[in-house]
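Visitor: Okay, here's what each chain looks like letter by letter:
2 protein chains.
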Amino acid sequence: MSKLLTDLIEALRCLPGVGGKSAQRMAFHLLERERERGLRLAQVLEQAMQRIGNCTRCRNFSEEPVCPICASSSRDRQVLCVVESPTELAAIEQATGYRGQYFVLLGRLSPLDGLGPEELGLDLLTERLAEGEIEEMVIATNPTVEGEATAHYLAQLARAAKVKPTRLAHGVPLGGELEYVDRSTLAHAFGSRQPLG
Amino acid sequence: MSKLLTDLIEALRCLPGVGGKSAQRMAFHLLERERERGLRLAQVLEQAMQRIGNCTRCRNFSEEPVCPICASSSRDRQVLCVVESPTELAAIEQATGYRGQYFVLLGRLSPLDGLGPEELGLDLLTERLAEGEIEEMVIATNPTVEGEATAHYLAQLARAAKVKPTRLAHGVPLGGELEYVDRSTLAHAFGSRQPLG
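In order, the protein sequences belong to chains A and B. Take the first sequence: its position 184, counted from the start at 1, is 184 in the working numbering, and no numbers get skipped. Heads up, the working numbering is the position in the second sequence plus 197, with the first residue counted as 1.
Hints should not be assumed to be uniformly reliable.
List of simulated lysine to any residue pairs, SDA-like, C-alpha gap at most 20 Å [as the list claims (entries may be wrong)]:
id : chain 1 : residue 1 : chain 2 : residue 2
1  : A       : Lys21     : B       : Ala288
2  : A       : Lys21     : B       : Glu290
3  : B       : Lys359    : B       : Glu332
4  : B       : Lys200    : A       : Arg51
5  : B       : Lys200    : A       : Gly53
6  : B       : Lys359    : B       : Glu328
7  : B       : Lys361    : B       : Ala346
For the chain A half of the interface with chain B, some residues (derived, Cβ under 7 Å), not all of them [as the list claims (entries may be wrong)]:
id : residue
8  : Leu8
9  : Pro16
10 : Phe28
11 : Arg35
12 : Arg37
13 : Leu41
14 : Ala48
15 : Met49
16 : Ile52
17 : Phe61
18 : Ser62
Here are some chain A residues pointing at chain B (derived, C-beta under 7 Å) [as the list claims (entries may be wrong)]:
id : residue
19 : Cys14
20 : Leu15
21 : Leu31
22 : Arg40
23 : Val44
24 : Glu63
25 : Pro86
Hints listed in this document are in silico derivations from the structure and should not be mistaken for laboratory results. None of the values given here were measured: they were computed from a predicted structure. Cβ atoms here follow ideal geometry from the backbone N, Cα and C, with glycine treated the same way.
Next up, chain A with everything else stripped away, as it sits in the complex:
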C-alpha cells in the first residue's frame, strides 16, 4: 500500500471509535467515491483546529473572543448553567428550552489528574458571580463521583456570592423500566419521591 494511503489510515485513527479496520474503510471510501467532500473535510478540519479557541467569558468553543451565546442580548443574564464540557452544553441546548448563559469548566475537579480550581477557570467564574447580575447557578456537572465533588465545590462558591445554587434532578429516566434502572438511581428516586399535584 502506498505511503500516503498508510499515513491517511493511521491519521484517521485519531477519531474516537475508529480502529484500523474502520480507518481503512473510510480512506478507501473517500478515495473511491468522495474526493470532493474529503478535500472539503480536510480544509474545514484544518481551519477548525487552528481557529476555534475558547470564549473568554464562558470558556465554550468559539472562533470569536466572545461566543454567540455570551454576546446575545436575548439570553437571560440572571441564570448561569455550569457544565463540564462543550459536549454537555450542546446537549442542554439541543434538549431543553434553557435561555440563560453558560460557564464551561473544561474538566472536573480531579486532583490526581492535576485539575484544580485554577484549571477549571473558577477564578473567572468567581469574578462572574461577583458582578452581581446572576441570581441562580444551575450546576449541571455529570452525576459521577468527581462530578458530584465538583458540584459540591461550585455550590459553596455560589452561596459565598449570594447566588442560589440548583442541581439537575436525579431519578428514573423517562421511558426506562424500573427493572433495568441501576440500584443507586432507584434508591435515590425512591428517597426523593414527589407528592403528586
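Position chain B against the provided structure of chain A, taking the given hints into account.
Guide: Chain B alone, transformed into the frame defined by chain A:
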C-alpha cells in the same frame, strides 16, 4: 454553536457510517483533546485526496504512475489476480500469501450504472494478457450477481488470450456453523464436495 464548528460536524458526515451524533462527538473530541492529531489528519487527508491517483498498469491507488506492487521485481509476473476494488486487493494482500500481480476493475459490469468493459479498463487488461507473460488469471470478483457476471466475462477474455482462468473457491466459511450458513452457499458446498486425502 459557532459556524466553523457546525461546518466541521457537517463535513465529518462524509465518512462512511458517521451520522450527526457521531460527527458531533468526533468534532468535540478533536477540539478538546486531539488538536495536534486533528491538524495532522487535515494535512494528510488533503495530500491524499490531491495526490493519490491510479496506477497506470493495475489501476490500484498509487501516488506514483506505477504502484509498488507492479514495480516490484520480487512479485511473480505469471499470475494476475483481478479484483473489483482496492479494498479487496488490500484484503487479499493482508490475508493470503499471494505474491503475484493484480488488476483492479474499479467496479463491476453493471450496464444500468453505465459500467461497461471500457469503464472497467478491460482494454488495458486485454493488452496486459496479450503481453504473453501471464499464465494464470485469478478472478476474485465478489460472489454477487454482478460479480459473477463480471467473472464470466473475464474468464472469456482470459481463454481468448490462452491464459488459464481460476476462481476463488466457494463454500462453507471456516469457523462457521452449518446451521447458520445461507442455503445457496450450503447447496454449493455440498455439490462441490471434495474427496478426502
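Visitor: Now tell me, hint by hint, if it's right for this structure.
Guide: Evaluated hints:
1. For the hint linking Lys21/A to Ala288/B, the alpha-carbon distance of about 10 Å falls within 20 Å, and the restraint holds.
2. Among the hinted pairs, Lys21/A with Glu290/B is consistent with the structure: their alpha-carbon atoms are about 14 Å apart, no more than 20 Å.
3. A distance of roughly 8 Å separates the Cα atoms of Lys359/B and Glu332/B; the hinted pair therefore holds under the 20 Å criterion.
4. Between Lys200/B and Arg51/A the alpha-carbon distance is near 11 Å, which keeps this suggested pair within the 20 Å criterion.
5. The hinted pair formed by Lys200/B and Gly53/A meets the criterion: a straight-line CA distance of about 13 Å does not exceed 20 Å.
6. Taking the CA atoms of Lys359/B and Glu328/B, the gap is about 11 Å. The hint holds against a cut of 20 Å.
7. Under the criterion of a C-alpha separation no larger than 20 Å, the hint pairing Lys361/B with Ala346/B is consistent with the structure, at around 18 Å.
8. Interface restraint check for Leu8/A: the shortest CB-CB distance to chain B comes to about 4 Å, inside 7 Å, so the restraint holds.
9. Given the 7 Å rule on beta carbons, the hint for Pro16/A holds: about 4 Å separates it from the nearest Cβ of chain B.
10. Taking 7 Å as the C-beta cut-off, the interface hint given for Phe28/A holds, the closest approach to chain B being about 5 Å.
11. Of the supplied interface hints, the one on Arg35/A holds, with its beta-carbon coming within about 5 Å of a beta-carbon of chain B, less than 7 Å.
12. The beta carbon of Arg37/A is positioned within 7 Å of a beta carbon in chain B (closest approach about 4 Å), and the interface hint is therefore held.
13. Below 7 Å, beta-carbon pairs count as interface contacts, and Leu41/A has one with chain B at about 4 Å; its hint therefore holds.
14. Annotation: Ala48/A was flagged as interfacial toward chain B, and the flag holds, the nearest CB pair being 4 Å apart, inside 7 Å.
15. Using the Cβ-Cβ criterion of 7 Å, the hint placing Met49/A at the interface with chain B is satisfied: the shortest such distance is roughly 4 Å.
16. About 6 Å separates the beta-carbon of Ile52/A from the nearest beta-carbon of chain B, less than 7 Å, and the hint is met.
17. Interface hint status for Phe61/A: upheld, as the beta-carbon distance to the closest one in chain B is roughly 6 Å, under 7 Å.
18. Hint status for Ser62/A: holds, given a least beta-carbon distance of 6 Å to chain B, under 7 Å.
19. With 7 Å as the threshold, the beta carbon of Cys14/A comes within range of chain B, its nearest partner Cβ sitting at about 4 Å, so the hint holds.
20. Hint status for Leu15/A relative to chain B: holds, with the closest Cβ pair at about 5 Å, below 7 Å.
21. Below 7 Å, beta-carbon pairs count as interface contacts, and Leu31/A has one with chain B at about 6 Å; its hint therefore holds.
22. Taking 7 Å as the C-beta contact cut-off toward chain B, the hint placing Arg40/A at the interface holds, the least distance being around 6 Å.
23. At its closest, the beta carbon of Val44/A sits 4 Å from a beta carbon of chain B; the interface hint therefore holds under the 7 Å criterion.
24. Using the Cβ-Cβ criterion of 7 Å, the hint placing Glu63/A at the interface with chain B is satisfied: the shortest such distance is roughly 5 Å.
25. The interface hint given for Pro86/A is met, as the beta carbon of that residue sits about 6 Å from the closest beta carbon of chain B, less than 7 Å.
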